[in-house]
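Peer 1: Chain by chain, the residues:
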Amino acid sequence: MEKKVYLDNAATTYVATEVLNEMMPCFNVFYGNPNSIHSFGREAVGLVDRARDRIAKAIGARSNEIYFTSGGTEADNWAIKGLAHAYAYKGKHIITSKIEHPAVLGACKALEAEGFEVTYLPVDQNGLVSLAELIHAIRKDTILISIMAVNNEVGTIQNIKAIGKTAKENDIVFHTDAVQAFGALKLDVMDMEIDAMSLSSHKIYGPKGVGALYVRNGIRIENLIDGGHQERNRRGGTTNVPGVVGFGKAAEIAIRDMHIFNQKVKSLRDYFVKEITSKIPYIKINGHPHQKVNNIVNVSFELVDGEAVLMMLDFEGIAVSTGSACLSGATEPSYVLASMGVEPELSQGSIRFSFGRSTTKADIDYTVEKLVEVIEKLRKISPQTKAGRKGDK
Amino acid sequence: MYNSKVLEIFKNPKNVGIVKGANGVGKVESSVCGDIIKVYIKVSEDGIIEEAKFKAFGCPASIAAASVAAELIIGKTLEEANMETSARIVEVLGGLPEEKAYCPALAEEAIKAALEDYYKKKEKELKQ
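Protein sequence lines correspond, in order, to chains A and B.
Position 326 (the first sequence) corresponds to 326 in our numbering; numbering is contiguous.
Position 15 (the second sequence) corresponds to 15 in our numbering; numbering is contiguous.
Everything labelled a hint here was simulated from the structure, so no lab data went into it.
Check each hint, because a few of them may be wrong.
Once the Cα atoms are required to be at most 27 Å apart in a straight line, the calculated DSSO-like pairs of lysine-lysine come out as [as the list claims (entries may be wrong)]:
no., chain 1, residue 1, chain 2, residue 2
1, B, 120, B, 11
2, A, 3, A, 81
3, A, 284, B, 11
4, B, 76, B, 124
5, A, 3, B, 11
6, A, 208, A, 168
7, A, 380, B, 112
8, B, 5, A, 380
9, B, 122, B, 5
10, A, 3, B, 27
11, A, 264, A, 3
12, A, 380, A, 140
13, A, 380, B, 124
14, B, 11, A, 279
15, A, 377, B, 120
16, A, 370, A, 266
17, A, 370, B, 11
18, B, 11, B, 76
19, A, 380, B, 11
20, B, 112, A, 370
21, A, 4, B, 5
22, A, 90, B, 20
23, A, 109, B, 76
24, B, 14, A, 377
25, A, 284, A, 274
26, A, 186, A, 264
27, A, 370, B, 76
28, A, 161, A, 57
29, B, 120, B, 5
30, A, 4, A, 92
31, A, 380, B, 42
32, B, 27, A, 361
33, A, 377, B, 5
34, A, 377, B, 127
35, A, 266, A, 284
36, A, 377, B, 124
37, B, 11, A, 4
38, A, 168, A, 109
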């Protein structure tokens, strides 16, 4: 069989067997509607409650502060719009950053159209939001701060605790998109003074189509879906029982194995970076030098295009992703890298490698071997040269 | 996203490199995406393109389009080469995603630029 190497774990992961095993009976054995009061329904309620407890425990929250959603994008949209609407009586100013996930940026854009004002904080070359700039941006009418815990493209970890403290001191609601952080670093909503937090299941070896929004008790939020009593009347619709059960199990495992996971991917990441830095000239590692998660590495390969690298690696069975994407006739260079001051030409040649539980050293060796060939091949095709550089042949 | 023909050409592009003794060179850069295509041609005394090669910095579509563009003009007269369009390149590629329309257009521009460069050089020669 053709060799396959999956290095796109930040996009999604496979469903862990332990997770799948807990999900399976929910399809055809415990299939009751959790809203029904008979024994079938009660059985399902028990499973959903346990899943909710597990998510709550994973982030140091109470179970009644966890609202299941269809995923991270829904959680982000609900948080931004729902909190903004609920606090609009106090003001109409929101602070976020330029490198948020499109779900947060898109929701902010929608609010701007409604008359809200949004400040998009810049980041430094390492992808960090400056606390001083955040404090400077706070106004009397600021009602919400939303800063992601970990950036999905470069892996930089924000100073969430300090941001949470600042928000609290200024009596502003604080939301964080922790989709990429969950399972990679310890999240404690009490300690970090987080009022709302978005989570997703399919990045942590759980099923797709399920996520959660944590909302601290006492924080107001507009209902997302009316017409059902599910999720404390705030998000109606019959609960996706297999999904939430899988998510709960995935969260439990992610916390249980976090230390082992981090050690494993860190050694693979460090080895990978050492290998490519010594074997491929003219590359740049993007992101914070140390304040970053261990499972993501973003690399710019000079003189080549990222999509071309991605496809060439795909021919070899290696799956990676690129931050830039050609959309409707114009390549949008990654807005995350652009915000970090990475020049467009370097940004165009950027690739995100994200490692996972099943990644092996042999996978890394194979990837490095193919990467060396692919970059050399594309640089030979490239007309771009810099004095004395390899492409200059 | 890409059909198998595009991928095959991208995987093994033809006519990559620099033509030694080229008498026409065209380099164009896309203002929308930053892709760059450079085409080298060697035109014979009787106005036939004997050799054509390219270099490209860009996505798979740009590289495949440049490969096809060079292939299309080899052995053609200047007049014929001038008539090769992006539509023809897309036809040879068996279609491209809509959002990649600028790639064959860039390849066409690169050919035109190389031809223009040749004409300019020729004109200069004649004046001397």
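Peer 1: Indicate, hint by hint, whether the structure satisfies it.
Peer 2: Structure-based check of all given hints:
1. As the CA atoms of residue 120 of chain B and residue 11 of chain B are separated by approximately 35 Å, the hinted pair breaks the 27 Å bound.
2. As the CA atoms of residue 3 of chain A and residue 81 of chain A are separated by approximately 45 Å, the hinted pair breaks the 27 Å bound.
3. Note on residue 284 of chain A and residue 11 of chain B: the hinted pairing holds, with a Cα-Cα distance of about 25 Å set against a maximum of 27 Å.
4. A C-alpha spacing of about 23 Å is found between residue 76 of chain B and residue 124 of chain B, which places the hinted pair at or below 27 Å, so the restraint holds.
5. Proximity of residue 3 of chain A to residue 11 of chain B is assessed by CA-CA distance (about 18 Å); at most 27 Å being required, the pair is judged to hold.
6. Proximity of residue 208 of chain A to residue 168 of chain A is assessed by CA-CA distance (about 33 Å); at most 27 Å being required, the pair is judged violated.
7. For the proposed pair residue 380 of chain A and residue 112 of chain B, the alpha carbon gap of about 23 Å is at most 27 Å, so the pair holds.
8. For the hint linking residue 5 of chain B to residue 380 of chain A, the alpha-carbon distance of about 22 Å falls within 27 Å, and the restraint holds.
9. At roughly 37 Å between alpha-carbon atoms, residue 122 of chain B and residue 5 of chain B are farther apart than 27 Å, so this suggested pair is violated.
10. The hinted pair formed by residue 3 of chain A and residue 27 of chain B fails the criterion: a straight-line CA distance of about 38 Å is larger than 27 Å.
11. Straight-line distance between C-alpha atoms of residue 264 of chain A and residue 3 of chain A comes to about 22 Å, which keeps the hinted pair within the 27 Å bound.
12. Annotation: proposed proximity of residue 380 of chain A to residue 140 of chain A is violated, straight-line Cα distance about 57 Å (limit 27 Å).
13. The straight-line distance between the Cα atoms of residue 380 of chain A and residue 124 of chain B is roughly 32 Å, outside the 27 Å bound, and the hint therefore fails.
14. Note on residue 11 of chain B and residue 279 of chain A: the hinted pairing holds, with a Cα-Cα distance of about 22 Å set against a maximum of 27 Å.
15. Distance hint between residue 377 of chain A and residue 120 of chain B is unfulfilled; the C-alpha atoms sit about 33 Å from each other, more than 27 Å.
16. A hinted pair counts as satisfied when its Cα atoms are at most 27 Å apart, and residue 370 of chain A with residue 266 of chain A qualifies at roughly 21 Å.
17. Among the hinted pairs, residue 370 of chain A with residue 11 of chain B is consistent with the structure: their alpha-carbon atoms are about 14 Å apart, no more than 27 Å.
18. For the given pair, residue 11 of chain B sits about 25 Å from residue 76 of chain B by alpha-carbon distance, which is consistent with the 27 Å threshold.
19. The hinted pair formed by residue 380 of chain A and residue 11 of chain B meets the criterion: a straight-line CA distance of about 13 Å does not exceed 27 Å.
20. Under the criterion of a C-alpha separation no larger than 27 Å, the hint pairing residue 112 of chain B with residue 370 of chain A is inconsistent with the structure, at around 36 Å.
21. About 22 Å separates the Cα atoms of residue 4 of chain A and residue 5 of chain B, which keeps this hinted pair within 27 Å; it holds.
22. At roughly 71 Å between alpha-carbon atoms, residue 90 of chain A and residue 20 of chain B are farther apart than 27 Å, so this suggested pair is violated.
23. For the given pair, residue 109 of chain A sits about 53 Å from residue 76 of chain B by alpha-carbon distance, which is inconsistent with the 27 Å threshold.
24. For the proposed pair residue 14 of chain B and residue 377 of chain A, the alpha carbon gap of about 13 Å is at most 27 Å, so the pair holds.
25. For the hint linking residue 284 of chain A to residue 274 of chain A, the alpha-carbon distance of about 12 Å falls within 27 Å, and the restraint holds.
26. Under the criterion of a C-alpha separation no larger than 27 Å, the hint pairing residue 186 of chain A with residue 264 of chain A is consistent with the structure, at around 16 Å.
27. Of the pairs offered as hints, the one joining residue 370 of chain A and residue 76 of chain B is violated, with about 38 Å between alpha carbons and a cut-off of 27 Å exceeded.
28. Proximity of residue 161 of chain A to residue 57 of chain A is assessed by CA-CA distance (about 19 Å); at most 27 Å being required, the pair is judged to hold.
29. With a C-alpha separation of about 36 Å, the suggested pair residue 120 of chain B and residue 5 of chain B falls outside the 27 Å cut-off, and the hint is violated.
30. Straight-line distance between C-alpha atoms of residue 4 of chain A and residue 92 of chain A comes to about 50 Å, which puts the hinted pair past the 27 Å bound.
31. At roughly 20 Å between alpha-carbon atoms, residue 380 of chain A and residue 42 of chain B fall within 27 Å of each other, so this suggested pair holds.
32. A threshold of 27 Å between alpha carbons decides the hint, and for residue 27 of chain B with residue 361 of chain A the separation of about 42 Å lies outside it, so the pair is violated.
33. Note on residue 377 of chain A and residue 5 of chain B: the hinted pairing holds, with a Cα-Cα distance of about 19 Å set against a maximum of 27 Å.
34. A C-alpha spacing of about 42 Å is found between residue 377 of chain A and residue 127 of chain B, which places the hinted pair above 27 Å, so the restraint is violated.
35. With a CA separation close to 18 Å, the supplied pair residue 266 of chain A and residue 284 of chain A stays within the 27 Å bound.
36. The suggested pairing of residue 377 of chain A with residue 124 of chain B is violated, with an alpha-carbon distance near 37 Å, which exceeds 27 Å.
37. Taking the CA atoms of residue 11 of chain B and residue 4 of chain A, the gap is near 18 Å; set against the 27 Å cutoff, the hint holds.
38. Restraint check for residue 168 of chain A and residue 109 of chain A: satisfied, since their Cα atoms lie roughly 25 Å apart, inside the 27 Å limit.
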